[in-house]
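Student: Put together the whole structure using the sequences plus the hints.
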Amino acid sequence: MQWFDYVVIGQSRPKGRTVAVDRAVVAMDVARVAGVSQKTVSRVINGDPHVRPEVRERVRAAATQLGYRPNRAARQLVSGRSRTIGVLSVGSTDFGPASLMVGIEHAIRSAGYAMSVVNTLEGDPESITGSLQDLVDQGVDGVAVNEPVGVFTLDPAVIGDLPILSLSGRYGISTNEIMVDADQATGARAATEHLLGLGHRTVHHVAGPSGWRSAGLRVDGWRDALVRAGAPVPEPLFGDWSAPSGYAQGQRLAADPDVTAVFVANDHMAIGVLRAFADAGRQVPGDVSVVGFDDIPESAYLTSALTTIRQDLGHLASFGVRLLVDAIENPRRQDRREHVPVELVVRETTAAPRGRR
Numbered sequence: 010m011q012w013f014d015y016v017v018i019g020q021s022r023p024k025g026r027t028v029a030v031d032r033a034v035v036a037m038d039v040a041r042v043a044g045v046s047q048k049t050v051s052r053v054i055n056g057d058p059h060v061r062p063e064v065r066e067r068v069r070a071a072a073t074q075l076g077y078r079p080n081r082a083a084r085q086l087v088s089g090r091s092r093t094i095g096v097l098s099v100g101s102t103d104f105g106p107a108s109l110m111v112g113i114e115h116a117i118r119s120a121g122y123a124m125s126v127v128n129t130l131e132g133d134p135e136s137i138t139g140s141l142q143d144l145v146d147q148g149v150d151g152v153a154v155n156e157p158v159g160v161f162t163l164d165p166a167v168i169g170d171l172p173i174l175s176l177s178g179r180y181g182i183s184t185n186e187i188m189v190d191a192d193q194a195t196g197a198r199a200a201t202e203h204l205l206g207l208g209h210r211t212v213h214h215v216a217g218p219s220g221w222r223s224a225g226l227r228v229d230g231w232r233d234a235l236v237r238a239g240a241p242v243p244e245p246l247f248g249d250w251s252a253p254s255g256y257a258q259g260q261r262l263a264a265d266p267d268v269t270a271v272f273v274a275n276d277h278m279a280i281g282v283l284r285a286f287a288d289a290g291r292q293v294p295g296d297v298s299v300v301g302f303d304d305i306p307e308s309a310y311l312t313s314a315l316t317t318i319r320q321d322l323g324h325l326a327s328f329g330v331r332l333l334v335d336a337i338e339n340p341r342r343q344d345r346r347e348h349v350p351v352e353l354v355v356r357e358t359t360a361a362p363r364g365r366r
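In this text, residue positions in the sequence shown follow my numbering: the first is 10, and each later residue adds one.
Calculated from the structure, these hints are not laboratory results.
Among the clues, some could well be false.
Unchecked claim - FRET-style restraints, in silico, Cβ to Cβ:
hint, residue 1, residue 2, range
1, Asp-146, Asp-229, 33 to 43 Å
2, Met-37, Val-111, 34 to 44 Å
3, Asp-335, Gln-142, 19 to 29 Å
4, Gly-139, Asp-249, 22 to 32 Å
5, Gln-47, Pro-306, 43 to 53 Å
6, Pro-241, Glu-66, 53 to 63 Å
7, Gly-220, Thr-312, 29 to 39 Å
Where a beta carbon is used, it is the ideal one built from N, C-alpha and C, also for glycine.
Tutor: So this is what it looks like as structure tokens:
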């Protein structure tokens, strides 16, 4: 570890041990205070997961006492890496993309990397290419793409062999590409099969926006379950992920007395559907059963707790970032595809139809 690996942020005298601070603080100073080797300090600062937790905390405490942080520029000169991960996003505030963004940030920082976020204009190739070029020009070690609508058109000439993590779809432009997603279609099938298993003749569907990849996969899973069961396949109704759009489509469904089961593509729209049935005087689950998707925190606290499909977006982001960091630190130039399981959570909005009880 060279002397320029660290810069002084502040100067303070730790309790117990004393270290001169009238010069640039170096790894040796931190090692002396923490009672570890200089190599161990380097491993902690570089995010080595194999350091024992108690040792990691001791090193971090010593670093805080000495008032310094790693100098990223100097470390880049030594290692050839910036220890920065770029994130390309459309800046969506919808539950799924926003929750993924929180998880991505937490996972990147927990891995000891800095994060550089560039928001781009959806569907604008020039904006997307420019945003990606901004990240590449910053010298990022890899890029995570958080884009829920279809997939970005990424320029392979800009990407080169930079490791890419996709949380929405596969690009096929990098020799080191990782795709991680919740198993959307399987979740939709599970929701539909749950309702069919209760005895409902068919299941209606309030889908998300037609351009969203996750919405399309949920439509596919819903339709596949109906076809496999030999059940009628109604035309899906489309919302925009919001409760008001769910309410509008719920009013249409509530007006049809033959509707006894509805799978809704997300919980916010499901809340709107529930209200529409209540306003129409149709009881849930007495007259109609409803299943959502996401398991947002509010789902368990509705007047009738919502049966839904749980996807752990925090785990999804963390898992994806771990794979990206592994690709950065152990380049193998190979693609990976991973699906994170989802879970049916049965609560109070589903029951057998009246004639089957």
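Student: Indicate, hint by hint, whether the structure satisfies it.
Tutor: Tested hints:
{"no.": "1", "hint": "Asp-146 <-> Asp-229: 33 to 43 Å", "result": "holds, 39 Å"}
{"no.": "2", "hint": "Met-37 <-> Val-111: 34 to 44 Å", "result": "holds, 37 Å"}
{"no.": "3", "hint": "Asp-335 <-> Gln-142: 19 to 29 Å", "result": "holds, 25 Å"}
{"no.": "4", "hint": "Gly-139 <-> Asp-249: 22 to 32 Å", "result": "holds, 28 Å"}
{"no.": "5", "hint": "Gln-47 <-> Pro-306: 43 to 53 Å", "result": "holds, 45 Å"}
{"no.": "6", "hint": "Pro-241 <-> Glu-66: 53 to 63 Å", "result": "holds, 60 Å"}
{"no.": "7", "hint": "Gly-220 <-> Thr-312: 29 to 39 Å", "result": "holds, 33 Å"}
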